[in-house]
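Asker: What follows is the residue order along each chain.
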Amino acid sequence: MIQHLWAKLTDHLDPFLFAVVTAIAALGLLVLYSAVGESLGRVISQSQKMAVAVAIMIVIANLSPQFIARFAVPLYAIGILLLLGVALGGEVVKGARRWLKIPGVGNVQPSEIMKIALPLILAWYFERHEGSMNWRNFLVASALVVIPFGLVVRQPDLGTALLIGACGFYVLFLAGLDWRIIVGGAILGGLGLWAAWEFNWLHDYQKERVLNFINPENDTQDAGWHTIQAAIAIGSGGLFGKGWGNGTQTHLEFLPEKHTDFIFAVYGEEFGLLGGVVLIVLYLLFIGRSFVITANASTLFGRLMAGSMTLMFFTYAFVNIGMVTGMLPVVGVPLPFVSFGGTALITLFIAVGILMSVQSHRKLVNS
Amino acid sequence: MSAELRNHDRELFWFQRRLSLAAVLVVIGFLALLGRFVYLQVIQHKHFATLAEANRIDIQPEAPNRGIITDRNGVVLASNYSAYTLEMNPQKIADLDVAIDEIGKIVEISARDRRRFKRLYEEFRTNESLPLKSRLTDEEVARVAANRYRLPGVEIKARLFRQYPFGEVASHVVGYIGRISQSEKERIEQQELSASYKGSDYIGKRGIELSYERDLHGSAGSTEVEVDANRRVVRVLSRKPSVIGNNLQLSLDIRLQKIAEDAFGNKRGALVAIEPATGDVLAFVSKPGYDPNLFVDGIDPQSWDALRDSPDKPMLNRPLQGGYPPGSTYKPFMALMAQELGVRTASQAINDPGYFRLGAGHWRDDKVGGHGIVDMVKSIVISCDTYYYQLASELDIDEWSGFMKQFGFGQKTGIDIDGELTGILPSREWKAKRFPKDPKLHVGDQVSLGIGQGFNTFTPMQMAYATAVLANRGVAFKPHLVKRVQDARTGESRLTQPSPAYTVPLKQAHVDVVLKGLEGVVTAGTGRTAFLNAKYSSGGKTGTAQVFGLRGGDYKASQVTERLRDHAWYIALAPLDSPKIALVAFVENGGFGAEAAAPIARKVLDAYFDPALLDAAIKKAVSPAEALASASLQREVKRAR
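If you read the sequences in order, they're chains A and B.
Just so you know, our numbering puts 186 at position 186 of the first sequence, and the rest follows in order with no gaps.
Just so you know, our numbering puts 1269 at position 269 of the second sequence, and the rest follows in order with no gaps.
Keep in mind that the hints were calculated from the coordinates and are not lab data.
Being a predicted model, the structure only gives us computed values, none of them experimental.
Backbone N, C-alpha and C fix where the C-beta goes; we use that ideal spot for every residue, glycine too.
So, partial list: chain A residues that the calculated Cβ filter (under 7 Å) puts toward chain B:
1. Gly176
2. Ile232
3. Ile234
4. Gly235
5. Gly238
6. Thr248
7. Phe254
8. Gly276
9. Ile280
10. Leu284
11. Ile287
12. Leu311
13. Ile321
This is chain B alone, in the form it adopts within the complex (with noise of 0.2 Å):
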C-alpha cells in the first residue's frame, strides 16, 4: 500500500515537472507569436501599409478625345462619337469559334466582324480585349447585359469613335486612326509619350492623322479609384482630366475637292490645287481613294487585299508619291530659266523644221514639217518640242537644276503630310551617282529633259507647288494642309504657315514672258477647248508624258494597252492677273492632257470661281445616311461642349 503511495507520489512529481515543462512551452509559443506580431506590425509596418494601399487603389487612365478635323470653313472632316462596342478577352477564352457563335445568338455578329476580329487578334496578340461588333444599339447592349453570366470574357464598353463623313472623299488627306501596334508602342515608349497614350488603344496611321498626331491626340487623364479584391470600383477618390486634343482646320476646301474627285470618274490621277499667296493647299486629290471608316475599328482581311492587290493602287497617295515625268508642263519653266540665265530672250525666234538635229541624234515633233517661225510665246502656246531640244542642248545641267530646284522640282515640298517622294531633278552628281557606269551626263540626255521627258521625275505635289510659286511670281510658301491648330479648351488656335518661306529672285518681265505664254494656251494653244467660254482668265499648260519609249515611231493610243498609255498633265492659275488658285491635274494613262487632264482642271476653276457651284457639290455629297452621321456628330459636339 505504501508502496503504491510512494509510486503514485512519484508518478504525480513526474506529471508535475512534465505539465511545468508544458506551461514554459505555451509561454515560449505566446511569446513567438508576440513577436511575430511586432515584427509584421511595428518593423514592416510601413511595407504593409504601403501594399495595403496598393491593394486598394488602382489608377485608372482615361483616354483623352482625339482633336477634330474640318475644311477651311468647319465643314468636319473627322470627328468623334461614343458608342458601345463589345468586345472580347481572347485570352479569357478556349474556343473563339464556339464564344462568337454563342454571342451571335444574342446579338448578329456578321461573318466579316467575324473576320476583323481575328485578323485584330492576330495582329495584336494581346491580353486585353478587342471589339467585336461596334456601334451597338440600345437594345443590343440591354439583351448582351442581360446574358453576361453566359458570356465569360465579354464585356460591353462605350468609347469613342473616330468617324470620317465623307469617306472616300480627302481619304488621302485626312488618313485613318488605327489601333496602336506594337511597334507604336514602342515609339511612344521611346519618345516618353507613354503616360499622354495610357487608356488609349488608338493612333493616327496615315494622312493628317498621322502626321498632326501630336495635336490631335491629346493626353491621358486618371482616375483614381478604391478597388476590392476583384478590382470592381468601390468609389471614386481623386480624379485628374483628360486634356483633349487640338482641333485642326484643313486648307482645305471640301466642296473643291468634292468637285475635283467627281471630274475624275473612274480615272486614276491626283489634282492638287494651291492658293498661291499662302500656300493653302485647297484641294489633294488621289484617285482612286479608299474609305477610311473600314480602318477605324480594324479592317477585315478581305476588304484589306481588295485595296492591297487593287491593280489601281487605292492605297498609293498618288501626288506625294507617284513620281512621273512632266512632259510640255515643263516648258513654261524652262523658258523663264532660258531668260533668267540668258540663254534666250522672249523675241529670239527659232525656224522650226520639225525636228532637231544633234551630231548622230535626231528628235521629232509632234508635226510634220515643223511649226515655222516660234519665239518664246509661241512656244509655250503650241508647245513647241524643237524649241526646247535646242534650248536644252545650249544649257549648263547644273545651271539648270539650280534654277528648277528653286521651284521645287525634284525636291521634297515639305508638305505636312508623311510619305513624300523626292522625285529627280536631273544633275551631273545625280548622274554619276544613279548609273556610275555611264557617269556622264550627255547633250542627248538634255535634250530629252527640255520637253519635260527622261530622267525627269516629279510628282504632281511638286508640279502644283512650281505652279504656284510662278502664280506667286517667285514668292514660295510652305504647301500645308492644315492652316490652323486650335486648342480645344482655350479656343486659342495659331496659324501653320504665317509668311513666306523664300523668294525666288526672279526679273517680273521675264515672268510676264511666261504668263502671256500661259494666256495664249489657254485662248489660242492646247487649252483652247477645254477652256472655250470660261468666265474667268486663266493661263495654262498641257502636258502628255511617255510612259514607254514609243516617242521615236508611230503612237497611237488606241493601239497601247491602257497601262501603257502617256500620261496627261494640265497646269493651270487663275485669274491671270492676279492668281488666286494654282492647280494640277494628272490622269495617269489618261493619253493626252489636253484632251484627258484639261477638262477636269476646267471643271475644278469653273467651281472654285463659281459659288453656287461650290455650294451645291457639297449639298449633293450629303447623302440621307451622311447627314443622319453628321447630326449624331453634331450632337456629340455639342456633348463635348
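Just chain A, same shape as in the assembly (with noise of 0.2 Å):
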C-alpha cells in the first residue's frame, strides 16, 4: 500500500532533473551555513522550507498539464486583483508597495505569483489558437504582458516587473512572435528606457542603482557598497576559494544580504573559480535537460509552459550572478535553489513540477 502509493508519487518525478536539483540545493545549503555564520538554524528552516516546496512539486507534477491549464485564468485573476490590491492598500516596505496582507493568509507578495501565472495564461490562450495564430492574439496576449508588468513597476519594484515581462516575453517569443517586432519592440524599449532616465519617470533610488552599476567606486559607503565588497569576496577568492567557513569578506561582515541575494559571493569567496565552474555546469546539466523536455513536450502549451519555465530559471541565475559579480544593475533576484528565502524556493519548485509534469504526461497524450 504504501509502497504502491511511493511509487505513484514518484512515477511523475524527473530522476535527472530532480538529481540535479538536489545537488545545488545541497550545495546551496553548504553555503547557507557558512553564510549566516557556521549556525544551523537559518540551514534547518531552510530545509524546511525546501521540503514544504518539493512536497509541492511533487503534487504539481502528478497534475496533467491539462489540468493545471486550467488554473490558468482564475491565477491569473487573483494575481491581477492581488496587484491591483497592493497599489490600493500595500504594506510600505522601504518605500515600496510590494506585499499584501491577506487575514488569515499572511503576507503575499502578488508579483511572485505571477511569475507563474503570466507564462500559465500565455500558454493556454496560445494553445486555444494553435494552428490558426495571427497579430491579434499576439496583441492580446501582449496586453495580457503589459498589465500585470506596469503594476509591477509601479509598486516601485522594476527588477521584478522586468523579471515578469521577461517571462511573458519568452512564451510571446517561443509561439512565434514575428522577429519585425522583435525588434522593433527592443528599439521602443531602448528609446522607453532613455526617456524614463531623461524625464525622471524612474525613481531616485532606481536611478541610484543604475549609477552605482556604472560606477560602483562613486559611493563606496552606502549602494555602490555591496556590488564592491561582493567583488572583493569573488575576485579575493582566487582559483580555489579561501576554503568552507574562511572566507573573511563574508565573516567579517563585508557582504550585505550574503546569506539571501549575495549568497553567490560567499560561495565565491570561499570555493573560489572551481566552486563557480560546478554550479555553472549543475545550472546548465539543469536547464539542458529542461530543453530536452521542451522539445519532447506533445502539446503547444506543454512546449511553451516548458520553454518559458526553462527560460526562468537560466534568467534567475544569469542576472542573480551577474548582478553579484558586478556585470549587471542590483535588481532583488535570488540565485536559484540556493538563497535563503521562502517565497522564490515554492515559486522555483512550482516551475521544476510543471517541467515534471509536461515531462511525465508526455507519453500518455501520445497514446
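Assemble the dimeric complex from its two separately framed chains, guided by the hints.
Answerer: Okay, here's the thing in C-alpha cells:
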C-alpha cells in the first residue's frame, strides 16, 4: 500500500532533473551554513521550506498539463486583483508597496504569483488558438503581459517587473512572435528607457542603482558598497577559494544580504573559480534537461510552459550571478535553489513541478 | 485536416528553431559568467585579495607614555595617570546642547566642562571625538556604559592624563601640554615625525614640556588587528609596542622653588638661582604663575580670559621674557670692567660732591652733598652713582659692550626653554640701527648706562647668569633647567651640560676687589638690614631701576601709582669664598631693591643653607589633595614598571 503510494508519487518525477536540483540545493545549504555564521538555525529553517516546496513540486508533477491549464485564468485573475490590492493598500516596506496583508493567510507578494500565472495564461491562450495564430492573438497576449508588468513597475519594483515581463516575453517568443516586432520592440524599449531616464520616470533609488552599477567606486559607503564588497569577496577567492567557512569578507560582515541575494559572493569567496564552474555546470545540466523536456513536449501548452520555465531559471541564475559579480545592476533576484527565503523557493519548485508534469504526461497524450 | 497538420508541423519546426536559439543564448550567457569569474578570480585576483586584506586588517596606533619630569631630588613635577574620559564626537551629533543635556542626566556635566568642550570643538573642528568630561569615577563609567545605546557618538576611553602635582609652583618652568593644533600637526608632518605621533592627541605647549618635546614624547607603537565591517576588533594579529618618552631630571630644587615663590607673596617678579659650578638652575620663579593642570584637557574660556586679560600678566615668563634696566646691580660688573680695561684701579678714588657734571649735563646722586672720598670697593658698598657716572663717561662704548657680552648681558643665555628675550646691550652699532635719525651714542647716554639705566634692557635670567659667571670667577656654564635625560627603558642617562661653555679671561685680583665690594654691601651697605644675622657669608648688590623718568626731580614712591614705581633688584652669591649659589631677585614695581628684593633673596639663601627649612617647605607644600594625587601617581609609576 505504502509502496504503491510511493511509486505513484515518484512515478512522475524526472530523476535527472530531481538529482541536479537536489545537488544544487545541497550545495546551497552548505553555503548558507557558512553565510549565516556557521549556525544551524537558518539551515534547518531553509531545509523545512525546501521540504514544503518539494512536496508542492511532487503534487504538481502529478497533475496533468491539461489540468494545470485550467488554473490559468483564475490564477491570473487573482494575481491581477492582488496587484491592484497592493497598489491600493499594500504594506509599505522601504518606500515600495510590494506586500499585501491578507487576513488568515499572511503577507503575500502578488508579483511572485505572476511569475507563474503570466506564462500560464499565455500558454493556455496560445494553445486555444493553435494552428490559427495571427497578429491579433499576439496583441492580446502582449496586453496580458503589459498589465501586470505595469502594476509591478508602479509598486515600484523594476527588477521583478522586468523578470515578469521576461517570462511573458519568452512565451511570446517561443510562440513565434514576428522577428520584426521583436526588433522593433527592442528599439522602442531602448527609447523608452532613455525617456524614462531623461524625464524622471524612474525613482531616485532606481537611478542610483543604475549609476552605481556603472561606477560603483563613486559611492563606497552605500549602494555601490554592496557591489564592491561582493567583487572583493569573489575576486579574493581566487582559483580554489579560501575554504568553507574561511571567507573573511563573509565572516567579518563586509557582505550585504549575504544569505539571500548576495549568497553567490560567499560561495565565490570560499570555493573560488572551481566552485563557480561546478555551479554553472550544474545549472547547465538542469537547464539542458529542461530544454530536452521542452523539445519533447507533446502539446503547445506543454512546450510553451516548459520553455518559459526553462528560460526563467536561466534568467534567475544569470541575472543573480551577473549582479553579484558586477556585470548587471543590482535587482532583487535570488540565486535559484541557493538563496535563503521561502517564497522564491516555492515558485521555483512549482516551475520544476510543471516541467516534470510536462515530461511525465507526454506519453499519455501521445498514446 | 492535413493542412492543419502541416501547419502544426511548421509551427513545431519554428518552435524548435527558436528553442535552439534560446539554448545558444543560454550557453553564451553562462560562458559570459564564466568569463567574469576568470576576470575577477584569476586576472584581478591579486588586486581583490589585497583589498580583502585591507578590509580585514586595521592598524591601531598606540600612543606612547610621556616621560616623567622630576626635580633634582626626584620629586615628581609632571607625570601621567590613567583615567576614564567621556568623549563625544561632535560630527555625529545634530545638536550639541541637547546631547550634552542628555549626558548630563547620566553623569554630572559642569558648566565649565560644557564651555571647555565647545571651545575645544571650535578650535579644532575635527572629526574625531573630543573629551567632554575627564576623570570619571568607576560608578560614572558604569552608568554611561549602561546607557550607551541612548548616546550615539559618545564613548568612554581610558587614556593617560598629564598631571602637575605642584600646580602653580614652577609652572613657568614645567609648562604644560595641550591638544595638538593644526599648525603643530603640520610641523610634525614637516619634520617627518608623523609616525611617532600616531594616536597622540597631546603635545608640549610651553616650558620644558615644549622644549623637550622630542625627549618626552617617545614614539607610537601599533597593533595590527582583524576587524569586521563595523571596524570592531575581532582579534589581535600582531603588536609593536610604543617607545615611552625619556624621563627628565631637572636641576631645579622644588623645595627651594617653593620657598622662593612663597617669599614673593602677592608681588609680581622673578627669581633665578644658579649653581655657578655647574650652571644648574636651582630655582626659576615667575610670579604670578598659573595652574598648568587647567590646560591639559583644554582650558575653559572663562579661565583662559582671566589669565590672558589679567593686568598681572600671569602667562608672561618674567625671568626669560621680561626686559628691565638692571639699575645699580650693574655696578659690580662696571667695576670689574674698569679694572680689566685698565681705566681704574681699585684704590683710585674720587671726591663725590653729590652730582656729576659733563658739559651742559648734570646728573644727581641719591645722597645730597655726596659720599665724599669714594674708592672702588666703597662705590659698590654704598652704590655711589657719581663714581659710575664719571667712569662711564671715560669708556669706549664698544669696548664696554664687548666686555659685558662675555657675561651674557643683552645676549640669549641659551637656557633650555623657549621664548628667551635678547635684551639690549647698547653699542654704537645698536644705536645707529635703533635710532637712524640720531645714530650717534652720546656721552650723556653713556653716563646713564653706567648706573644700569637708560637703554640697558636685560632679563632677570641674564642678571642671574652674569652673577653666576662672576661667582665662578669667569668660568661660564650654560644655564639649564634639565640636568639629566634618562631613557626610561634602559635606565641610561646623560647630563645636558657636562662641561663649561667658555671662560672669561679675568685677573682674579680684579674679581677679589668686586667680591669685597659685594661683601661690604651685605655687612655694611645697602644689603645690611636684609642680611642681618645671616648664618653664612654672602655678597650682594641692590638695585632700583626707574620705570619713569623722574630721576631728575623728587621721586616719592607713595605718590607714584603702583605700576610706575621703580623695579627692585637684588643680586647675591654665597658663600663668599667659594659660591655655591648665585641668584637674582627682582620685584616688578617693588620700589627699593634693599627693601623689596633683598629680603626675598635672604629667605631663599637661608633655606638653601638650612636643610631643615628646605624639607619643611615641601612638607607644607603637599596638601591632603596633593598627597592623594601623588599617591595615585606612585601607583601609576609602579604600574608603568
